[in-house]
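Trainee: Letter by letter, the chains look like this.
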Amino acid sequence: MSNRTWFVTFATGILLLALLPNVVDGYMLGVMRDALIFGLFAASLDFFWGRTGILCFGHACFFGLGGYVMAIVSMMPDLAQQTLFGLVAAVAASALLAAVIGYFMFFGGVRGSYFTIVTLALAVIAQQVAVSWSDVTGGDTGLLGVPPLAFGALDLSGDIASYAAVAVILVVCLLGLRLVSVGPWGKVLTAIGDNEMRAAALGYNAAQRLTLTFTLSAAIAGLAGALYVAMAGLVAPDLIGLLLSTEVVVWVAIGGRGTLIGPVVGAVLVQRAQQEISSYNPSLWPLIIGCIFVLIVFLLPDGILSIAQRLRGVLPGRTR
Amino acid sequence: MTALLEAKDIGVRFGGLDALSGISFSIAERSLACIIGPNGAGKSTFLNVLTGTQKPTAGSVLFRGNPISGLPLHRIARAGIARKFQIPSVFPSMSVADNLDIARRGTGSAPALEGDVIELIGLSAKREVKAGELPHGEKQWLEIGMAIATGPSLLLLDEPTAGMTPQETQATARLIHRLQARLAIIAVEHDISFVRALDADTLVLHQGRFFRRGPFAEIEADPAVRDVYLGRR
Chain A
37 MSNRTWFVTF ATGILLLALL PNVVDGYMLG VMRDALIFGL FAASLDFFWG RTGILCFGHA
97 CFFGLGGYVM AIVSMMPDLA QQTLFGLVAA VAASALLAAV IGYFMFFGGV RGSYFTIVTL
157 ALAVIAQQVA VSWSDVTGGD TGLLGVPPLA FGALDLSGDI ASYAAVAVIL VVCLLGLRLV
217 SVGPWGKVLT AIGDNEMRAA ALGYNAAQRL TLTFTLSAAI AGLAGALYVA MAGLVAPDLI
277 GLLLSTEVVV WVAIGGRGTL IGPVVGAVLV QRAQQEISSY NPSLWPLIIG CIFVLIVFLL
337 PDGILSIAQR LRGVLPGRTR
Chain B
2 MTALLEAKDI GVRFGGLDAL SGISFSIAER SLACIIGPNG AGKSTFLNVL TGTQKPTAGS
62 VLFRGNPISG LPLHRIARAG IARKFQIPSV FPSMSVADNL DIARRGTGSA PALEGDVIEL
122 IGLSAKREVK AGELPHGEKQ WLEIGMAIAT GPSLLLLDEP TAGMTPQETQ ATARLIHRLQ
182 ARLAIIAVEH DISFVRALDA DTLVLHQGRF FRRGPFAEIE ADPAVRDVYL GRR
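Those sequence lines, one after another, are chains A and B. Counting the first sequence from 1 gives a position; my numbering is that position plus 36. Counting the second sequence from 1 gives a position; my numbering is that position plus 1.
Hints listed in this document are in silico derivations from the structure and should not be mistaken for laboratory results. Careful, some of the hints might be misleading.
Unchecked claim - Simulated crosslink set (DSS-like; lysine-lysine; CA at most 30 Å straight-line):
1) B/Lys131 / A/Lys223
2) B/Lys131 / B/Lys56
3) B/Lys127 / A/Lys223
Because the structure is a prediction, the values reported are computed rather than measured.
Generate coordinates for the entire structure from the input sequences, incorporating the hints supplied.
Mentor: As structure tokens, this is what we get:
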């Protein structure tokens, strides 16, 4: 996606985010806020997968870890600035886990489908740990009563305030990730994704670059997890397991891998579709969503965001 | 003359097969050597040893007197050894200029080198063309350009003219002669017309050993070398 197209889409997205509180009620604003948090999570996966071509199938590990750490830290009694310390600890914990995993995997030469399989196993292990380590994680029930976001006197627990906080964080993160993606660092990542040996022969330490990128991606996933838990007021093992890890891959694939905005759109659309379809048919919705996913992958392999580019190609007076 | 690179008693063994059997080689600054030999002689394995992608089972490689055997590829590149791979390895989704820019940044060589290199490889008019859209010969030149843009002292070329037309092959030979004024070059090649055009110090690799070494005219006239190429020996 060209820089111009990306920024036009980005600006349109900001406009829609700004208009939304005027056209929906408080409940729907909360639903959209949660969907945007999952959008941020999807963008974090896309930053790594979209640039390097290496699929992490256990990204919910970092989302869930951020959520658990946020819950544990912000529920500490007598802790001042719970939100701030919770967010910092959540981001740091997810980044640290990714740095350790990334170091051993990338410096150990694990790439491609092997990396995907190992991270898939990690998601299973993480969920099992969350269930079994009940003294800390609350077991199957999880942890309830996580306080909402608040920075000193600034209370972000209201519908509009929490929505605005999430929207601003999402916009800032997307812009930052885009600048990194199209800058020299992103070009090297693309080069490593295209041909790692060639990149190494030019003097790039591919393992180090992949580890750092994976760490940044996980840190943002951890931030998303922390935000979600603070908004929901609870954390449970399904936020760290295989199902969410699979869902985020679907959101990125549907939205358009490598675009950063596409995965956000994919996450929001799939979440809303799930809610609408399940209200009509509570048992068949996974099948319907699955069929839609297969159709999109076949008809729009570059994701939903590619529709605009396709239309532009067929409009009269335009050239491709 | 002091050796820029020196390989001592290099051996590489794959299971029960000796791909390289105790070969030694050295090359001085700003000199040109050409390694020829039939398929399976060990030419690419030898280049792999020099660039760290193949760890030798015996022997050592010294670059400017420092051991480099076993170092990772990126550290060997930063030390000043660049390589052009047998299969053109450019970044297809990036423009010619971006390919050269990313090559230059890998080792932190001077930005001015990029403009110089693009002139040298004759792709100034195609700066913004995506590398994946270039014809095969130009991809080969771009990859040579990327290797030069890293600012190396030694350039390793693995079959640089594979798939080129005769005109492109001769142009590549002229390019290499121009480059020789700046850096040392080791070229591994099958195409005898290209090796003849280079007219350099030539080594014949056969069954993992250097079988002959000398000026190309002598090598070409050697009946034993012809036997090697025709599989009679």
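Trainee: Given the hinted pair B/Lys131 and B/Lys56, is their Cα-Cα distance within 30 Å?
Mentor: violated, 35 Å
Trainee: Does B/Lys131 pair with A/Lys223 here, judged by a C-alpha cut-off of 30 Å?
Mentor: holds, 14 Å
Trainee: Next pair to validate is B/Lys127 with A/Lys223; report whether the Cα-Cα distance is within 30 Å.
Mentor: Status holds; Cα separation ~19 Å.
Hint compliance for this structure: hint 2 alone is broken.
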